[in-house]
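*Asks:* Line order of the protein sequences matches chains A and B. Numbering that gives the first Met the number 0 puts the first residue of the first sequence at 0, with every later residue one more than the last. Numbering that gives the first Met the number 0 puts the first residue of the second sequence at 0, with every later residue one more than the last.
Rather than coming from a laboratory, the hints here were simulated on the basis of the structure. Note that CB positions come from ideal geometry on N, CA and C, so glycine has one too. Among these hints, one or two may not hold up.
Claimed, not checked - What follows is a list of derived Cβ distance ranges for each label pair:
(1) Thr179(A) - Trp171(B): 50 to 60 angstroms
(2) Val127(B) - Glu483(A): 38 to 48 angstroms
(3) Trp171(B) - Leu480(A): 44 to 54 angstroms
(4) Arg23(B) - Ser9(A): 39 to 49 angstroms
(5) Thr173(A) - Arg182(B): 49 to 59 angstroms
(6) Leu46(B) - Ser355(A): 36 to 46 angstroms
(7) His47(B) - Gly466(A): 18 to 28 angstroms
What the hints assert, rightly or not - Chain A is nowhere near these chain B residues, computed Cβ spacing over 12 angstroms in every case:
(8) Thr11
(9) Ala13
(10) Ala51
(11) Ala156
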Amino acid sequence: MSERRPIEFSDSLIEQALGREPDSAVAAQTFDRILAAIADRPQRRPGLRQMVVSAVAPRPRITLGWVALVALLIGVLLAVAVLSGGPRQRPVVLGVLPTAATTIQPTVIPRATDELRPSLPADCLTLPADAVQATSPGGSLAAAAPRPVGSPSNGLIAYATRSAILTYDLATGTRRQVATLRPPAALGLGQLTWSPDGRRLLFAGGTDLFWCDLMVTNADGSGVALLARLGLDRRDTAETIVWSPDGRSLLYNDGHYADYVVLTIGGSSRPLDGTHSCRWPTWSPDGSRIACVGDGSIITVASGESVALNLNPSGWGNSQTSPVWAADSQSITFLGEGGLDASTAYRIGIDGTILSSVGLPGSSDWTTDLDLSPDGSRVLAGSCPVTCGAEDFQVVPIDGSPAVSLGRGFRAVWSDDGSMVAISNADGIIVADAKDGTTQVAVRAASAQVVSWSPDQRQLLYSLANGQLWTVPAAGGEATLIDEGPVSAGSGGVAWQPLWP
Amino acid sequence: MTSVAATIDSLTPALVERARSGDRAAFEALISGRVVRLMRLATSILLHDADAGDAVQDSCVRAWVELPRLRDPAQFDAWLWRIVINACRTTLRRRHRTAVREIAMDHATGSVDTPGPGPGMSENISEVEVVRLSFARLDPDRRAILILHHVEGRSVAEIAAVLGIPEGTAKWRLHAARQELGRALKVERR
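Next comes chain A alone, as it looks inside the complex:
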């Protein structure tokens, strides 16, 4: 190949190359959509429901006068407590102002019948009334069976094809069709999410652009039920559907920019007021609170009280990474950022107090796809050289310990226990030890993309470019074909059942 003339690297050339006008039709449509979206959107105003905890707010100076006043108040309170027969049992919650009395009327989720279906959002092409059907005997649409049925064994893999949801039992090689989608096949299924106890499987139905129906089924395919109409105008908003730790409730958003809804299976639903801007919601281990770090708030589920986390002068405590709750449910760890600024690992108490913040060295070079380890102690980060086809992955402890380099690839996924990371690269999938960075090849297949780990960390689930779904032992070995596909590995179309007692 002949040598080319070097390009004169000038400002004008950059401006000419990058200064393209956006598609005017798309811009006009976007403007119209914005106006339509704000037409019925209330603004968020600070009120009694929230106390803003600011990292930059000046702290009151402590003087002898204040000390004396506080001591006097404590004395008076103690005296009152003694006179009234002892201390009050009610815990004091620091940092949360009293919530204005709000009556939340529970909405009973009705049984899913055809008569209830006409209340569609006008722009949502939903599933036909009879699109989803149970394959088990007597599997009529019974709203959220009160006694969920477990699977024959642990280790079911649920996956969506273009027309059905199936489960595959790795132990027995048994494949079962859980739900089918009748023609027209232009509609799709996805967003598969197992309940934490592995006994129920949630999924959504919709078009290529919209999720419309939120459905649930028992693991054996019985009790398929319509839980809610979503009416989302973008599929990715449905990523926010999360189960409570006890598997009895769901948190979801039933419309773009709408408040979140807490739905108790077989029971009622209620909105969580003021949560429409919530991003990356995560339920605390004890189920009492939900952290939304994108918007920066911690919400008490029972009362709806929230504490806003206001971490920088611009008013945004933005984060692109799901938070990790401490095991005692008293604090969260998350990665905060401001624009293109370097990442900072924050640990914040449930009252909004910043317990610690650590700047992460080298983070300005990281790509946007960061993941905290399951225990919140380390960050899985990738940096992108000039040729961004692959990232250099590393594990960075947030306590300042040296980073561990893992190798280059396209996608990296933590194992559930945080001990290993699976990385898809040009040759296949490697498994790296998160502590020392040693790697071993799990499978050699040029287009293999790791999807998830099995809950016991022994198997890897991966897809190929031709749509096939496979498993392989993480330590390497014989791979097993789960389905010829094409399987909808994106959009949450595959999920490995958690271990259940």
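With chain A fixed as given, assemble chain B onto it according to the hints.
*Replies:* Just chain B, lined up with the frame of chain A:
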């Protein structure tokens, strides 16, 4: 190229104040003059018209909802631009999380999957197109800072305000982004 600061309507502060108090018409007026520039920014970062539209829509609706919390109305533009950049990063994260990347067979030989003709590209491809292909190789953050400076004409101080970083950091990052674009150009011309 005119400074963005100079093009900002002198009515902006008053419109922001009205919009903060719930005046939708004022917010519409604020957005109408900015949506094309926001789209240009988002399209440059995301390299996808529809995703850019979604990101701008998300950002503007969020700006409407959160506007009463904006402490300094004079910072409206920097605030709005930052929301859009963060929305783009969120979109990229979601795209990365949910999409199954189809890997071309030439990955096995060590080439990359970034857009571009690579070896064997046409001799008569324009320099402008080579710059565009090189730009697509950059990290989204690098793309953002180059667009802010070279297309929107923002000064280093304005970029620092938009990104919420010190001016020195903005200057260094702009320099680094240009260096990286230069390296990408060399790769594209091989």
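*Asks:* Hints the structure violates: just list their numbers, smallest first.
*Replies:* Hint 10 is the one this structure does not satisfy, whereas the remaining hints hold.
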